[in-house]
Structures are given as C-alpha cells and as structure tokens.
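Number of protein chains: 2
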Amino acid sequence: MWERSLVLSAPGKVILHGEHAVVHGKVALAVALDLRTFLRLRPSGEGRVCVRLPGVGVVRSWDTPRLQALRRGFAADFDESKSPSVEQLDTLKEFAGIAAGASAPESLATLAFLYMCLAISAKYGDVPSVDILVWSELPTGAGLGSSAAFAVCLAAALLTACGAISCPLKEGESTARWTEEELTLINSWAFQGERVIHGNPSGVDNAVGTWGGALRYQSGKITPLKRVPTLRILLTNTKVPRSTKVLVAGVKEKILKFPAIMNPVLDSIDAISQECQSVLEAMPANPSPEYYPVLEELFDINQHHLNVIGVGHPSLDRLCRVTASHGLHSKLTGAGGGGCGITLLRPDTSPLAVEAAKRDLCACGFECWETNIGAPGVTLHSSSSLNAEVLHALSKS
Amino acid sequence: MWERSLVLSAPGKVILHGEHAVVHGKVALAVALDLRTFLRLRPSGEGRVCVRLPGVGVVRSWDTPRLQALRRGFAADFDESKSPSVEQLDTLKEFAGIAAGASAPESLATLAFLYMCLAISAKYGDVPSVDILVWSELPTGAGLGSSAAFAVCLAAALLTACGAISCPLKEGESTARWTEEELTLINSWAFQGERVIHGNPSGVDNAVGTWGGALRYQSGKITPLKRVPTLRILLTNTKVPRSTKVLVAGVKEKILKFPAIMNPVLDSIDAISQECQSVLEAMPANPSPEYYPVLEELFDINQHHLNVIGVGHPSLDRLCRVTASHGLHSKLTGAGGGGCGITLLRPDTSPLAVEAAKRDLCACGFECWETNIGAPGVTLHSSSSLNAEVLHALSKS
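Chains as they are written, first to last, in full-length UniProt numbering: chain A, 1 to 397; chain B, 1 to 397.
Derived SDA-like pairs (lysine to any residue); straight-line CA-CA distance at most 20 Å: (1) B:Lys254 / A:Asp300; (2) A:Lys254 / B:Pro264; (3) B:Lys252 / A:Glu275; (4) B:Lys226 / B:Arg216.
If you anchor each label on the Cβ, the simulated ranges turn out as follows: (5) A:Glu181 / B:Ser278: 56 to 62 Å; (6) A:Ala353 / B:His392: 54 to 60 Å; (7) A:Ser350 / B:Gly220: 49 to 55 Å; (8) A:Gly57 / B:Ala249: 58 to 64 Å; (9) B:Ala102 / A:Val23: 56 to 62 Å; (10) B:Ser278 / A:Glu367: 41 to 47 Å.
Sample of chain A residues lacking proximity to chain B, with all beta carbon distances greater than 10 Å (derived): (11) Val23; (12) Lys82; (13) Pro105; (14) Lys123; (15) Pro201; (16) Ser385.
Worth flagging that the hints you see were computed from the coordinates, not collected in a lab. Quick caveat, the model's predicted, so the values are computed rather than measured. Every residue, glycine too, gets a C-beta built ideally from N, C-alpha and C.
Kindly generate the complete structure, drawing on both the sequences and the hints.
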C-alpha cells in the first residue's frame, strides 16, 4: 500500500528554432519551458483510484476491483513499446463513458490516465489506491507541450507508486530527479500517454518533459544536448487561433510553387538551428555576454524566414515590434499563424524594461509569462520547495 | 551649324530584385523608371557652348575656340572604349575651375559635360554652338540612376549635334528612338560620362537609361530582357540618408559571420530574380492578372531577405506596413538602410487606394511618386508630346 504523499512536476516545451523546417528533414531545437505541470500523489481511501484535473474539469474515481476486472478483459499485451490499440482505447472509452469520437481535452486526459494506469499496473504490479491531483501553469492547446507534461507527470507518479522506479527524494532535500535509466522508462510510458492523446506524436514533447534542457530533433531522431544554459524569456500567447495542419500544408504548397526560392530558406533555417546548438553548448563552459547578441540575431533571422515560408501573422509582427521597441528580440514559436511568440531576455535586461514590455504586450490583448527555457525535466519536490501559488493549487483536497 | 531645337529624355532606374546579392555573383534585375531626365538642345549664339543644369545649380558657357584649344592640348586619345584618364580629368578641372577633390554633383556634372563634349567632338567633328538645358524628374543621390540618365541624355544630344547619329524624329511624330546601333554608341559614351562621375560604375544604370525596359545583370554581364510589360508603381523616398559602401561591407561581414545561414539566402534571392525574369518575359504575350500576386509575393519574400542580410531600416519597415494597410506590397530598392522603396500597383488598383497610400506615405515624411517601370529608354520628343511641367521647366531660356 502506498503511504507517502509526493509532488512532482514536468516542464512544457517551446521550439527554439526549426519549426516547420523539421517537417522537411531539417534540424529543430526544442527546449524545456519552466512553466510546469504539477502532480500531487496521495494515498486514498482503500480500494479507490481518484484523479482530479481541475484545469480541464475532470474529477473521476474508480473502485480498484473494477479497474482490475477491466484490465483482465484485455489481452495481456500492454507494453511501453507498443502503440495503444484501437480496441483497447474503444474499451476504455466505453468504460469511462466517453463518446467514440470525443476529442475534448477532458476526454483525452481521462483516457490517457486510464490507459497508463491499467498498462503500468499490468506490467509492474497493481497501482495502489491513490489520489492524483494535477495542476498546470501551462495553457492547453497553445503548442507548449501541456499534454506531454501531463503524460510525463502521470508516468512518473504511476511508475513510482507501483514500485517500478525509486522515489529519490530524501528527507531534507528540496528537489530530486530520477536516474537516467528510470527517466528512460518514464519517457517511454509518457510517450504512450501522448499516443493516446495525439495518435501519432513525434515524441519530442515528452522527451523534453522528461529530460528538460534542450534537444535536437531531425528525421525522427531525438538527441538531448549535453549541457545547456537556463535562459530568461518572455513567452507571449497572441491567443490568435490557428490550425497547425493548415499551416503545414501551406508551407508545403509554397515549396512546391517556388522550390528554388524556398528550399534555400529551409537550408538557412537548418543552419540557424545548428548555429544555435553550438552557441547553447558553448555557453555553460564560457558564460560570456557575447553569446546573447548572436542568439538575438538568430531569432530575428528565423522570424523573417518563418514569414517567408508563410507562417507569420500580423499579431506576431506586432509582438515583434512591441518587444523591439524595448530593445528585445522575438520570434514565433511552434506552428505560427498566431499562437505563441518567444522573446529573449539577457541576464542584465532591466526589470523595468521587462515590465514595460509585458505591459505593452498585455495592452495588445496578449497573455505574457516571464519564465525560463532550458528548465529541468521531470522533478520530485518537497512541499517546502513549492511556491505559494502551486501550494495553494495543490492544497485543494 | 546646328539649327534645330530638340528635346530628348532618358529614364532613371530601380533595382527590382537582386540588390546586394549581385555583389556576390547573383542575378539582379534593373528596370527603367519613368521618372525621366529631359534635355533641350538649341542653337546658341555663334561660337559659344552653354550648359544649364538648374537642378544642381550649374550655368556655364565657354567660347568654342577655347574648347578647341583645350582639346588640342590633349593627346588625341579620346575613345569610348578607354576610361577617362586622371590627367585628362585634372586638366578639365583646372580649365573649369573645379577644386582637385571636388565631389559635389555640380562639379561632377560639369566635368562629365566637358569630357563628353571634347571627346565626342574630337572623334566625330566639332560640336556646333549649342545651348543645352537639362531638367530632371529624378532626385539626385537617391540611387535612382540620375547621373546615368544625365549622361545618356548628354551622349545622345552631343552625338546627334555632331552628326555621329541621326535625328530620327520625323515631322508630325510625337516621339522617336534611335536604331540599335546608334543606341549602342549612345550607351558607350554615356558610360564614359558615368566613369567621369563615379570612377568605376557597373554600366547597368546607363544601359537601363539607353535601352529602357528591364535588364539582367550578373558578374559584369548585362543582358536586356526581350519584351517586358510596363508596370505601375509607387516609388517612395524615405529620405533617410545611408552609405552604400557601409551597407555593402555590412552584408559581407554577415556572410563571413554566418556563411551557412547567409549563403542560402543569397541563393534564394538569385532564384527570386530568375523567377521574376520569367514572369516579366511571360507577361507581354499573356497579360493575365494571375501574374500580379506572384510579383507581389516575390516583393514580400525579398524584403524579408534584405532584412536578413542587414540592409533593412525602420523607415522601410514603416513604408511596407503603410502600403500593406492598403493591400499593397513593397520592398526596398537599391542599397537599403533607408533610401527608396518600391510598391507594386496592379492595373486595377483603385485610384482611391493609391491616393490613400500616397497620403499616408507623405504623412510619414516620405516623398512619393506614382510612376511606371519598364519605361522606354532614351527618346526624342516633339514639343507637343511633353506635359505641362516638363514644357514649363524647359521653357526657361
């Protein structure tokens, strides 16, 4: 029986460089965003598993015998290397009362929880009676990897609760992380959760949520960068809705229309990702202020390129103009056509300049967070290490 | 003795695509701008050659015997294939009372006139007593080829006056142009005038002034395009001063700093020039409205690229934003860093939209002309074919 309370968190992600170009075989750099999803795991009343996701309005609980019976109904083919099958997901939907075509976040989150709970308990021994509460600093549906942060937290919590991985937080420590081997297991199961939610995800988001820092992605291959600095940023959500699918199709169309003009632009974006990787890897050993103008210039160049390939938007132009008026450099991040932009702050950017930029961005109707990239991956926390907002959010019983 | 009055004109030029990239061996497209320099040639009092350039404040006249004596002082080595020598130019400066290092437009224009007058008369027989008045719609020093338009007009007038080429304007015709062979001679001498003014010009500007239309320039090779359409544009001078030399050096520095990022951008610009050439060459045979969105898209892409290579300017961003707010597409033309921008108008762009855009551009402190590109090269005019402003400017005796 699980008797300990624990809190863990996983970061969101942003694409630093290479969005869209990555679809055409170029390098992308994804970095961990220090807007985090937090999960509190507590022992619950005997014989119940409870899950509460207030951010998406989910409060569900199930008797453990019913879950065990459901699990026995499946062929025993849960495995972190195999995609969830359509039959498995249909059975779970029926069990949870989720309509066949449901795609709302609350339905997909519930389904991911049920799948991971059954699959992990089938493989490693029963998940004990637990009460899980998840709260996130990340907005959903903004391309910031909120579903992956959720899946990483769930995987880490469920694997810990059933004893498949250790609970490395020692008395008196404020935070702790798992071993490389344990992280690999967490990542594998988080990827399964992402598959339940997204069907055919790239695996980048859960890898960033698990390992944190920064990673390079190209043609399906994910390589974490060795050491990366933590960089201050503003993350701004223009709140302009867009369809990633439509934007990706538009880029493809432009490449087909003007191949000789567009293919070099993709090559240039590829070179930007690689140059940025070199800079990030050089910074920890030699924290010179000279790197920041280079990072800023790469932002500016790539923002122009993203406009060229057709994924800009007047709201993003405005975001760039507003931050430029405060001496700051921005680019869109992710799909573009609206959505989010990222603004680099230097270590010595004055708080006054940051506040002024935030005020002006909010005056445009945008939502703006001052945060970091290159943040740690999935982490265990002592209560004393959590800030007041997180403590408050997790204190609801 | 020359007894006829005649008026001729030559167009300015703008770079449509390929500015800066041309320095690195890529294709540029230069087009004739229908802002023209006009020259009136009249018989003068016997034994005098007069030249008046009110735009640069020059009013000079010389006795023809003094000019003949000056010419005999040179070794007889004037030739349109040889660069003016330093000694020749020093002698002319002394004769005209121009200080050794003078680089003001009035000094260079006077020097070019004297050189061309002496050289052409040395080769083809004396220039008769004439009175030359030059007036231009082109601003000077804005990268619009005003010196070349001046040199082309001078070459055509002096070659006509001394009988080296015909005077093709027939009674009752409103305009006339010279034969291909005559144009080649005009261009050669205009290039000499440009050499006096600029030292080591590319020859693009005088070629555009001579042949009009559009031409392709790459690695020193100038190729006129066969047939090109006349396109409506707005030409806007931001009046922000800049140094072409500094801008060219900045681009080179960026290429050296980020070769893998910048070289593909130059390749993309090269492809834009070539795509634009294809479109321009296809338009006369098939004047479909479908070409305009392509030309607009090429403008937008190249403007982003020019920002990437570092020759943009906030004034040019503003120009693009103002015209975009009227549904129009713009790019910088020439050196960038301020200077001029060009805005494409469609055949069906409403006069109201054009007027509104012009008003907003002027409100930015910019100067704005509604004109055409793809204009005819050096042309003879009957008085009746000239508009009131030109007639008025040329009527001053």
